[in-house]
Amino acid sequence: MSKSLNVKDLVTIGVFAILYFFIAFIVAILGVFPIFIFVIPFLTAVFGGTLVMLFMSKVNKPWALFIFGMIPPCIMWAMGHTYIVPITAILFIGIAELIFRKGKFTSLKYNTFSYSFFSCWGTGAIIQMIILKEQYIKAQIQAGISEESINQLVNLITLPTFILIIVITWIGGLIGAFVGRKMLKKHFEKAGIV
4 MSKSLNVKDL VTIGVFAILY FFIAFIVAIL GVFPIFIFVI PFLTAVFGGT LVMLFMSKVN
64 KPWALFIFGM IPPCIMWAMG HTYIVPITAI LFIGIAELIF RKGKFTSLKY NTFSYSFFSC
124 WGTGAIIQMI ILKEQYIKAQ IQAGISEESI NQLVNLITLP TFILIIVITW IGGLIGAFVG
184 RKMLKKHFEK AGIV
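Going by our numbering, the sequence shown opens with residue 4, and the numbers climb by one from there.
The calculated lysine-lysine pairs, modelled on DSS-like cross-linking and capped at a C-alpha distance of 30 Å, are:
id: 1; residue 1: 11; residue 2: 189
id: 2; residue 1: 107; residue 2: 185
id: 3; residue 1: 189; residue 2: 61
id: 4; residue 1: 185; residue 2: 64
id: 5; residue 1: 61; residue 2: 112
id: 6; residue 1: 61; residue 2: 185
id: 7; residue 1: 107; residue 2: 64
id: 8; residue 1: 188; residue 2: 105
id: 9; residue 1: 64; residue 2: 105
id: 10; residue 1: 11; residue 2: 112
id: 11; residue 1: 11; residue 2: 188
id: 12; residue 1: 188; residue 2: 61
id: 13; residue 1: 188; residue 2: 112
id: 14; residue 1: 6; residue 2: 189
id: 15; residue 1: 11; residue 2: 64
Read the hints as simulated data drawn from the structure, not as lab findings.
Small disclaimer: the values here were computed from a predicted structure and weren't measured.
Produce the complete structure using the sequences and hints provided.
Right, dumping it as structure tokens:
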């Protein structure tokens with residue numbers, strides 16, 4: 004089996020990336036209630052685990068996970084988030100890609116830890132509130148959110164809070180990976196999908 008990506012792999016990457024973005028988008032709807040913004044990365048990690056673990060079992064080649072993972076943050080950037088989102092994604096998804104490779108693309112243990120780091124890319128939507136606070140506030144006001152509401156939210160985001168969100172998201176990634184592994188074994192293997 005060739006270890007370089009082919010057209011079929013790229014199509015699979017695109018399809019799975021759109022499905023993953025859809026999961027993240029549905030979870031992000033909770034963001035209409037500002038306090039829920041803290042749990043969006045965690046919930047995305049939990050609910051996205053099955054899909055990403057299935058993806059990792061289908062396209063187990065170098066760069067597949069990285070390309071797949073970078074599509075949603077780039078879409079978010081195009082939709083108005085700051086450049087911090089894709090930069091954060093490069094960091095965490097890059098680590099995930101290295102772990103994926105270390106496990107030779109098929110190790111359940113390494114894939115589980117790979118996904119837990121992969122999941123942390125979503126915290127970029129929160130760190131932008133610290134790094135680019137004024138730009139973030141301005142963009143949210145232009146999007147129709149009241150200045151009072153956005154200031155209350157941004158004032159809750161501190162560096163210790165952000166670190167806690169990363170840790171909780173990483174744990175959510177472990178939970179999502181374990182659920183994904185169970186689903187793969189119980190349903191997808193029996194159906195011949197994996």
